[in-house]
Amino acid sequence: MPSPFYAASHEAFKLHCRKIIDEELREPAEAGEVSGEMPSHDIWKMMGRKGLLAARIGVACMKDLPSGITLPGNLSPDEFDYFHEMICHEEIARLATPGYNDGLGAGFWIGLPPVIKFAQPQVREHVTPAVLLGDKRICLSITEPYTGSDVAGIKTTATKTADGKHYVINGCKKWITNGEFADYFVTAVRTGGKGMKGVSMILVERTDDLSTKHLTAAYSKSAGTSLVMYEGVKVPVENLLGEENKGFSIIVSNFNHERWIILTTVQQYCRNCLQEAIKWLNQRQAFGKSLTQQPVLRYKLGQAIAAVEASHAWLESVTHQMNSMSYEDQNAKLGGMIALLKYETTRTATLVCDNCVQLLGGRAVTRHGMGKVIQRFNMAYKIFSVYGGSEEIMADLGVRQAMRNMDPHARM
Numbered sequence: 073m074p075s076p077f078y079a080a081s082h083e084a085f086k087l088h089c090r091k092i093i094d095e096e097l098r099e100p101a102e103a104g105e106v107s108g109e110m111p112s113h114d115i116w117k118m119m120g121r122k123g124l125l126a127a128r129i130g131v132a133c134m135k136d137l138p139s140g141i142t143l144p145g146n147l148s149p150d151e152f153d154y155f156h157e158m159i160c161h162e163e164i165a166r167l168a169t170p171g172y173n174d175g176l177g178a179g180f181w182i183g184l185p186p187v188i189k190f191a192q193p194q195v196r197e198h199v200t201p202a203v204l205l206g207d208k209r210i211c212l213s214i215t216e217p218y219t220g221s222d223v224a225g226i227k228t229t230a231t232k233t234a235d236g237k238h239y240v241i242n243g244c245k246k247w248i249t250n251g252e253f254a255d256y257f258v259t260a261v262r263t264g265g266k267g268m269k270g271v272s273m274i275l276v277e278r279t280d281d282l283s284t285k286h287l288t289a290a291y292s293k294s295a296g297t298s299l300v301m302y303e304g305v306k307v308p309v310e311n312l313l314g315e316e317n318k319g320f321s322i323i324v325s326n327f328n329h330e331r332w333i334i335l336t337t338v339q340q341y342c343r344n345c346l347q348e349a350i351k352w353l354n355q356r357q358a359f360g361k362s363l364t365q366q367p368v369l370r371y372k373l374g375q376a377i378a379a380v381e382a383s384h385a386w387l388e389s390v391t392h393q394m395n396s397m398s399y400e401d402q403n404a405k406l407g408g409m410i411a412l413l414k415y416e417t418t419r420t421a422t423l424v425c426d427n428c429v430q431l432l433g434g435r436a437v438t439r440h441g442m443g444k445v446i447q448r449f450n451m452a453y454k455i456f457s458v459y460g461g462s463e464e465i466m467a468d469l470g471v472r473q474a475m476r477n478m479d480p481h482a483r484m
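According to our numbering, the sequence shown is numbered sequentially starting from 73.
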């Protein structure tokens, strides 16, 4: 269909992404989703050199793309925009392996941007190329067992040594995606008093004093979700991101991009399920006719399709706004809108899973066979309504931001 958002470069980029993913990732993704085996380091290096890792970070890394990386479709970094990035996330989500897909970089695409934007030049120049090439792996380490969404309440501490040259970090993080195999941990720590004004962000390299333990979530173990324990981890003060006690603003600035990626991925998972449901209804015969001839089943299908199409139209509109705004303007103006879109997307996923399970019946709750795509997403969809901000917090944030500039004296 004609669109004002996509040009020839987007189509070429999409087709090349799809070719790489089908040839290099589909087989190990399918196997890993079942076995729980995490993506190998060789797969990460392949993704790095073929431009998939850089494409998932997006515009933020295109000005200083390291040598050895070729973007899909031979796209020039200068041409790259948020629609190219959106396409890359969608194509990877077409694998329909939610756990393994997160193992391919859910920690990476939220962990590297703070380094690119806020690390000291010598740290950024050392870490970023190695991570974009896939030689090193990174994750974001914020959530704690007893704080959850209350980021301002974190208890992990970073205390300066007597000579002022290092921080010593002690504490525990939980539900850290890609933490099991990461080399770097972008970590939220308490360097000051209580609340958000005492939070800092520090880049921590894995050492013997940093240990990880696997956590089994609702989806495949291949995501590499982990508990991360810091026991006297010594980190150079140069690894501080931004300013001391001002890390909360870094965390908040990272949320928009994170949530945008999550909702882009979830919308593609919904499409995967609907494609399977349509094919099943078309081939399945019951009571002497195809299931597509049953009005109540067409209603369930139409209800889900309409919700997905509406959410995706909103996503394209938001992505266009991102293309038209500076990073600072995005943070100031799009936070509430992206939060509401994430809420709407995960609510849509709930509807899609509910309807598709009903449409496929027993096959949709069986791990193998024709209903496995729906079964996998049905096991995973609630994860996405929690991480990156729960639905309740997303809806509240959207309303609060919408009312921020409202006339307090407005009356009917």
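Any given hint might turn out to be false.
[Said to hold, decoys possible] Below, simulated DSSO-like cross-link-like pairs (lysine-lysine); rule was C-alpha separation at most 27 Å, straight line:
#, residue 1, residue 2
1, Lys-117, Lys-266
2, Lys-285, Lys-91
3, Lys-351, Lys-227
4, Lys-91, Lys-189
5, Lys-208, Lys-269
6, Lys-117, Lys-227
7, Lys-117, Lys-91
8, Lys-91, Lys-269
9, Lys-306, Lys-122
10, Lys-227, Lys-135
11, Lys-285, Lys-454
12, Lys-318, Lys-351
13, Lys-237, Lys-318
14, Lys-122, Lys-246
15, Lys-318, Lys-293
16, Lys-285, Lys-351
17, Lys-306, Lys-208
[As the list claims (entries may be wrong)] Across the chosen pairs, the derived CB separations fall in these ranges:
#, residue 1, residue 2, range
18, Pro-308, Asn-477, 35 to 45 Å
19, Thr-364, His-198, 12 to 22 Å
20, Gln-194, Asp-281, 40 to 50 Å
21, Tyr-399, Thr-364, 17 to 27 Å
22, Met-478, Asp-426, 29 to 39 Å
23, Pro-149, Arg-98, 21 to 31 Å
24, Tyr-371, Thr-279, 23 to 33 Å
25, Ala-358, Ala-474, 45 to 55 Å
26, Pro-149, Asn-477, 54 to 64 Å
27, Asp-281, Lys-405, 38 to 48 Å
28, Met-478, Glu-388, 46 to 56 Å
29, Thr-364, Ala-202, 17 to 27 Å
What the hints contain is simulated information worked out from the structure, not anything from laboratory work.
Cβ atoms here follow ideal geometry from the backbone N, Cα and C, with glycine treated the same way.
Checking each numbered hint in turn, tell me which of them this model violates, lowest number first. Violated hints: 1, 2, 3, 4, 5, 6, 8, 9, 10, 12, 14, 15, 16, 19, 20, 21, 24, 26, 28, 29; rest satisfied.
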